[in-house]
Amino acid sequence: SVSHSQITRLYSRFTSLDKGENGTLSREDFQRIPELAINPLGDRIINAFFPEGEDQVNFRGFMRTLAHFRPIEDNEKNKDQNGPEPLNSRSNKLHFAFRLYDLDKDDKISRDELLQVLRMMVGVNISDEQLGSIADRTIQEADQDGDSAISFAEFVKVLEKVDVEQKMSIRFLH
Amino acid sequence: EDKGEDESKEEDNGSQQNRASRRKNYQRKNRDGKKAREEGSQKKDRGKTAPTKDQKESENKEKKTTKRGKEGENKQKKDRKNSTSSASSNSSDEESLSEEELAMLKEQVEQKKKLISTMRNKPWRMVKKLSVLREAQDFVEKFEGALGKGKGKKLYAYKMMMAKKWVKFKRDFENFKTQCIPWEMKIKEVESHFGSSVASYFIFLRWMYGVNLVLFGLIFGLVIIPEVLMGMPYGSMPRKTVPRAEQATAMDFSVLWDFEGYIKYSALFYGYYNNQRTIGWLKYRLPMAYFMVGISVFGYSLMVVIRSMARNANESTADGDDDNFIFSWKMFTSWDYLIGNPETADNKFASITTSFKESIVDEQESNKDENIHLRRFLRVLANVLIICCLCGSGYLIYFVVKRSQTFSKMQNVGWYERNEVEIVMSLLGMFCPPLFETIAALENYHPRIGLKWQLGRIFALFLGNLYTFLLALMDDVNEKLAEEDVVKNITHWTLLGHHNSSAGNDSTVTPPPLDPADVPRGPCWETTVGIEFVRLTVSDILVTYITILVGDFIRACFVRFVNYCWCWDLEAGFPSYAEFDISGNVLGLIFNQGMIWMGSFYAPGLVGINVLRLLTSMYFQCWAVMSSNVPHERVFKASKSNNFYMGLLLLILFLSLLPVAYTIMSLPPSFDCGPFSGKKRMYDVIQETIELDFPLFVAKIFSYVANPGLIIPAILLMVLAIYYLNAVSEAYQRANAELKKKMQMQREEEKNKRNNKASTNPMLQDLEDLLTPSTKTESPPKQTEDKKIESPNGTSPVRKPGRGEVLDGSPMAGGRGAAFIPPSPVFVTQPRTLGVRAPYPGQPRPWGHPLGPVPGRGRGQPCY
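Those sequence lines, one after another, are chains A and B.
142 is the number that UniProt numbering gives to position 142 of the first sequence; each next residue is one higher, with no gaps.
723 is the number that UniProt numbering gives to position 723 of the second sequence; each next residue is one higher, with no gaps.
Worth flagging that the hints you see were computed from the coordinates, not collected in a lab.
Any given hint could turn out to be false.
Unchecked claim - Under the rule of at most 27 Å between Cα atoms (straight-line distance), these lysine-lysine pairs were calculated in the DSSO-like manner: (1) K128(B) with K114(B); (2) K679(B) with K240(B); (3) K740(B) with K330(B); (4) K330(B) with K105(A); (5) K108(A) with K330(B); (6) K186(B) with K164(B).
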């Protein structure tokens, strides 16, 4: 679902990132992208590019992950839910985001995981106690089944009104 | 009927499905990227082998799960690679397939067209009809062109291209627009470090700058520039010439600094203007223009303030709801993935931190629960204290003003006596605000509300300032008016004497005109008032800037650098860094604007000075705040609408309108200076214009309209209209609140339902039941009991009898009577125990459904 020109553009980007010139990217290559180096969740996003246990990614894998970030175009929006889901669909975007927070892959965002993210985002400017209360508050808001963790369904519910299509889009290519 | 609807829905789904896959293929056909081809053919395969909906769904599920699995595991990825390669090997028969697809697409278009033509006969609801119709039309429009050969296709391609270009253009334009908003980046930077409350001051400053620019344009474009271009030049007449006695020092800096000398006799002040009815070859009616501009300055300001107040009010009601997930949203969506610049990233970090802090403050405030009586007592006490302070300072001002009036009549008064009023005023202004702040600590309001109180109180104090100033000015004016009468006679006699003397010498020769610098002239109270306002404004600017420089910058430098060699920690200890004083700055801005409004009639150049001031203070204060201030201890979020600032501004506007209107309506203009000289009252210029420049009947109409018999009923009518509209808006507000409550309850209900669905395990349910009273202390255990008793009734998920019916036990409630209940709107599906179960609509966590069968999903769509 990515157009030809987009692929060529991406490919040139891929090769320019590929300092080792072996057709694959390593983590260090990704770290060199300023957007990712700055992002508090940058490491996790980079991890999302790498399949489990590998530290190289080829162009195909690169593309597959990036496809999550492709903006949803107008003509795709009203496609019905049952169709084969493209990678950049809303739910896939959400799932991608969810996995960024869910470190231990138990399909739940726990309090500790939230705290980690919070520390990355606000650093030392807010006391630990307050961070804890923020995390508690977040879970309290989102939690619906009372297991004091946020499941994917709850995550989706929380972000129901947020324009994820916009937030998780990178305007690469046009 | 229902059934038919369902069927059609299914059909629709099916067709949409096909359409989606068709479209995919079409897109694929247009492209020639290898990857796209692979994916497309894959999708096509899926689409083809899906004749019925059920099959398809199951298949999709399968696909989804496999896909999810693949993403994690490596081995399966290879599988997928294989499959994709096989798909690409299949691409040889792609052509024929796409032909087939094309035919199907054509068929689809035909079908849609048919649907459009037969839409009228379908037994659907209007809403559905409309939406289906729109969809079908879109579809036909989109693909009809694509199907056609040659021209149609080209047109279609062209259309698509243009659409894309248009989207891009729109995005660029949006970016451009944001860039065009002046100082947007600066303000955002301040906001990210200091929170929205400080930013709200800068936004207010920017808004003020915009308003002043318009005023500047009005006054300069319609009064000053025409006068400079077409009016009589400097030195041509007495009012445009520096008097002989002052000429020696007229260019000295100290004189110019006091706005005397050449500045006083320039187009910046009222006195310079001539009372000639028309000037220049354009026959520009300058006095008329002067008067109209003076009025329209007020008119425009009033309009703009009220309009922006109304807009703010609209905005604040527009997106006020949905604060269920504040923290979650902040947590999950605050980072902007497009940030690539380290500096921006720093700002973003700061702004995330600030916004978290703001939410914490809000949260603490809403969770506060303590002795309410003590709190009330303290608040009353604080208000009493502050009223005492205000009364005291009011009396002090009054007393000092009275004393100064007696002093002014005496000779040989000392420096202190002469400047007593100013000294007292500035002392009050220095010590009262901190005092108020200390007292306000008793009240322990949320800082946002505290700021409003603080603003209001200082405002009241400053009004005293204004009052003394105006009083002094009025005295001055009265004095000048008395003096003027004397001078008028002298001038008259001088001119006469000059004529006589020259006539006596030689009657045949016309007398040499008296040099304009030598003509004795009146005091011209209008210019005096104008100069007074200009001086006040300039000194205010200087004081503000010096305060910022000394109080913020030098202090910050001291704290920062002397800290290395000092006994205690300066940064954390006593002096520390200054906080940005929002209330003081806002009030300073507002009062300054009041001065401008009052003064601009008598000193048209004042607005120019103000524009410069606002412009420089934007940069200066932004720099100062970023370089030498620290964020507030409790960063708080500004209210969405800064209508409070606007309200104060409106009040000041009204207050400053009064003296100007009074002078225009009831004081005679000076006889030898200004555009209205020679008239009895300034507004006579309108009558004159109407009489001389308009046909007779206009004058007649005007005189009728000005009749009190017409004006009083008009005012009455307006009052009645205001009353009526007010009543209507109140009713709307009530309805709005009601609806909001309903929506919230409904949401709560949905939550409950889903909760029940989730916990199907009876063991878990029991556990939850046990936990409920302990986790939610607000819910008395009695309610849970009630629930248990009533719950067996509430089994039917969709058509429940309404709550009221059960409560009064009418015969309609059971049996066949239920059939009379109209098709239920969504909120009927809520259980009858609603009132008991959810006493607090805002409660974040629902309780588990206690016992009995699990209710179904209701009519809502499954959410996941």
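**OP:** State the violated hints by number, sorted upward, taking the hints as numbered earlier in the document.
**Re:** 6
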